[in-house]
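Residue-level listing of the chains:
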Amino acid sequence: MKWYIDKGPESDVILSSRIRLARNLQGYPFPNRMTREASAKLGKEVLNSLKQRTDHSKGKFRTLEMSELGSEDKLALVERHLISEELTDPGLVRYAYISDDESVSVMINEEDHIRIQAMEAGLKLEEAYKAASDIAIHLEKTLQVGYSEKYGFTTACPSNTGTGMRASVIMHLPALTMTEKAGTVVEKIRKMGYSVRGYYGEHSSVQGSMFQISNQITLGLGEEELIVDLKKLISHIAEQERTARKQLSSKSPDLIEDRIFRAIGVLKYARKLSSEETLQLISEVRLGKALGIIDKPDEVNFNRIMSSIGPANIQKSEGRIMEPPERDKARALLVQREMEGV
Amino acid sequence: MKCSRCGVNEASIFIKQNINGKESEVSLCESCAKSIGAGGISFGGANILPVSIWQGSILSALDQISKGTNFNTGVFVPGKAVSLVCKDCGMTLAEFREKGKLGCSKCYDAFGQQLDQVFRRIQSGETHRGRRIAEEPESIEIRSAQEEIQSLKRKIIKAVENEDYESAAKYKVEIERISIRINEMRESEVLPNDDKTSEGGSV
Ligand SMILES: [Zn+2]
Ligand SMILES: [Zn+2]
Numbered sequence: 001m002k003w004y005i006d007k008g009p010e011s012d013v014i015l016s017s018r019i020r021l022a023r024n025l026q027g028y029p030f031p032n033r034m035t036r037e038a039s040a041k042l043g044k045e046v047l048n049s050l051k052q053r054t055d056h057s058k059g060k061f062r063t064l065e066m067s068e069l070g071s072e073d074k075l076a077l078v079e080r081h082l083i084s085e086e087l088t089d090p091g092l093v094r095y096a097y098i099s100d101d102e103s104v105s106v107m108i109n110e111e112d113h114i115r116i117q118a119m120e121a122g123l124k125l126e127e128a129y130k131a132a133s134d135i136a137i138h139l140e141k142t143l144q145v146g147y148s149e150k151y152g153f154t155t156a157c158p159s160n161t162g163t164g165m166r167a168s169v170i171m172h173l174p175a176l177t178m179t180e181k182a183g184t185v186v187e188k189i190r191k192m193g194y195s196v197r198g199y200y201g202e203h204s205s206v207q208g209s210m211f212q213i214s215n216q217i218t219l220g221l222g223e224e225e226l227i228v229d230l231k232k233l234i235s236h237i238a239e240q241e242r243t244a245r246k247q248l249s250s251k252s253p254d255l256i257e258d259r260i261f262r263a264i265g266v267l268k269y270a271r272k273l274s275s276e277e278t279l280q281l282i283s284e285v286r287l288g289k290a291l292g293i294i295d296k297p298d299e300v301n302f303n304r305i306m307s308s309i310g311p312a313n314i315q316k317s318e319g320r321i322m323e324p325p326e327r328d329k330a331r332a333l334l335v336q337r338e339m340e341g342v
Numbered sequence: 001m002k003c004s005r006c007g008v009n010e011a012s013i014f015i016k017q018n019i020n021g022k023e024s025e026v027s028l029c030e031s032c033a034k035s036i037g038a039g040g041i042s043f044g045g046a047n048i049l050p051v052s053i054w055q056g057s058i059l060s061a062l063d064q065i066s067k068g069t070n071f072n073t074g075v076f077v078p079g080k081a082v083s084l085v086c087k088d089c090g091m092t093l094a095e096f097r098e099k100g101k102l103g104c105s106k107c108y109d110a111f112g113q114q115l116d117q118v119f120r121r122i123q124s125g126e127t128h129r130g131r132r133i134a135e136e137p138e139s140i141e142i143r144s145a146q147e148e149i150q151s152l153k154r155k156i157i158k159a160v161e162n163e164d165y166e167s168a169a170k171y172k173v174e175i176e177r178i179s180i181r182i183n184e185m186r187e188s189e190v191l192p193n194d195d196k197t198s199e200g201g202s203v
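Chains as they are written, first to last, in our numbering: chain A, 1 to 342; chain B, 1 to 203.
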């Protein structure tokens with residue numbers, strides 16, 4: 001079972017939690033100064049250590065060498081948040097080491113030598129941290145991991161030094177968006193030293209009222225403190241969203257119902273859907289579910305749709321390269337199947 | 001009082017700073033304070049950064065170093081161009097300044113002084129306070145219980161100062177209670193691991 005086929009705690013507002021840890025090895029330059037030969041050698045060393053792990057709680061892992069994958073396969077991994085775009089750059093030998101349930105992935109030779117990532121559905125930062133740090137500790141015990149008594153874990157960019165940790169949460173904030181309060185909220189979050197991005201990460205704009213919020217500070221505070229602080233901020237925003245939802249549904253119930261049922265209509269009967277439109281419609285139906293206006297589909301269906309509607313994933317499931325109009329058709333069919341019985 | 005950076009304008013911003021335990025105050029004019037980003041930074045201690053400082057902050061922080069401005073003091077030190085190089089990877093300070101990225105783990109030794117200045121701007125200080133290498137993590141509950149004990153200890157000191165021995169005794173009992181709880185939490189954390197290894201052995 002894939003990790004995202006689960007709804008997790010506080011799923012009315014929080015889609016998923018993620019922890020990413022950066023580590024590097026001593027004796028090798030960072031990837032930005034590395035030769036291809038060195039990157040291959042380091043890759044072997046890290047994979048060897050990873051394969052010696054005796055903890056099988058996350059199931060089996062598969063190893064992918066990036067240069068052996070087709071460009072669509074690589075993009076499909078990016079769309080599902082399993083790897084970053086940077087890992088698909090040519091030049092160095094780069095690997096992804098991914099668990100069966102896709103909740104854990106290790107990127108080798110990205111910006112740092114090692115980037116460990118763990119994801120959970122809903123608000124489960126501690127669980128994600130446990131999964132990621134288990135792997136980090138194993139590597140720290142078996143390899144020469146770069147560490148300084150003063151600065152902590154060394155990283156290529158000073159913005160990751162110390163804990164090397166980024167904790168992030170994807171929040172669904174449709175009511176704050178509809179009432180035009182989202183802008184102010186985002187502004188405040190940024191002022192507090194957190195970053196806000198769209199669902200597809202790093203360079204993406206916000207779509208479907210999905211916001212990815214993560215810590216910027218990695219040095220000078222412990223992992224636990226960083227997680228607790230982020231959780232405080234997240235629950236504060238979640239409360240604001242819930243209040244805004246209540247106000248919306250009591251002030252203008254007809255308007256909300258109309259929007260939600262229209263969205264269901266389009267998702268069920270449209271013959272062509274772009275990924276952007278799908279995300280927006282899903283956002284509205286998801287709100288209807290959280291408000292109790294509809295009782296189907298389940299959050300699980302939303303998660304499954306969201307993880308499979310990216311252009312590369314559509315092409316992958318169809319097994320061929322497709323032009324955008326063709327993809328929109330295939331996407332509409334896929335969504336229709338998920339909306340059956342709604 | 002004149003601004004200690006430009007020496008021309010009247011100083012209107014005063015920053016308390018702590019360098020190696022020595023406390024002093026820097027006086028800056030508004031435009032100098034702005035140009036070194038002093039407005040949003042608390043020098044030393046925990047700080048929350050405004051986003052304007054964050055964006056491109058590493059590069060701009062490095063840019064300031066190259067211009068010879070010492071953030072620590074906000075005082076311009078002319079002609080103090082530094083040429084440093086990491087012996088392990090060959091990265092020069094100029095390259096680091098240009099890219100904003102380091103070349104290897106040893107760069108942290110080579111550019112420590114410059115990094116401290118960068119960290120003071122973009123991080124919450126320049127010292128690691130997280131899990132140490134190869135150390136098992138303490139659970140969040142244990143950590144917060146330990147913090148509770150620290151704050152109770154501070155309360156005891158205050159209470160004793162005020163000759164409020166009754167409260168101090170109460171805090172002491174509370175500390176003992178929390179210590180016991182921490183030990184219990186530690187034990188319950190160890191157990192499941194033991195189970196795992198014995199399971200592994202029987203397979
Ligand atoms: Zn001045
Ligand atoms: Zn170096």
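Hints in this document: simulated from the structure, not taken from any laboratory. All residues carry an ideal CB built from backbone N, CA and C; glycine is no exception. Check each hint, because a few of them may be wrong.
[As the list claims (entries may be wrong)] Non-contacting residues of chain B with respect to chain A, defined by C-beta distances greater than 12 Å in every case (computed):
1. 120
2. 122
3. 164
4. 178
[Unchecked claim] Within a straight-line C-alpha distance of at most 20 Å, the following computed EDC-like cross-link-like pairs (lysine to aspartate or glutamate) qualify:
5. A:74 - B:176
6. A:130 - B:164
7. A:130 - B:136
8. B:153 - B:136
Going down the list of hints, with the structure as the test:
The Cβ of residue 120 of chain B does not lie farther than 12 Å from every Cβ of chain A; its closest approach is about 9 Å, which violates its non-interface assignment. With a cut of 12 Å on Cβ distances, residue 122 of chain B falls inside the contact zone with chain A, its closest approach being about 6 Å. A cut-off of 12 Å between C-beta atoms confirms that residue 164 of chain B is not in contact with chain A; the least separation is 31 Å. The beta carbon of residue 178 of chain B sits about 17 Å from the closest Cβ of chain A, which is more than 12 Å, so the claim that it is off the interface holds.
For the proposed pair residue 74 of chain A and residue 176 of chain B, the alpha carbon gap of about 55 Å is over 20 Å, so the pair is violated. Taking the CA atoms of residue 130 of chain A and residue 164 of chain B, the gap is near 43 Å; set against the 20 Å cutoff, the hint is violated. The straight-line distance between the Cα atoms of residue 130 of chain A and residue 136 of chain B is roughly 10 Å, inside the 20 Å bound, and the hint therefore holds. For the given pair, residue 153 of chain B sits about 26 Å from residue 136 of chain B by alpha-carbon distance, which is inconsistent with the 20 Å threshold.
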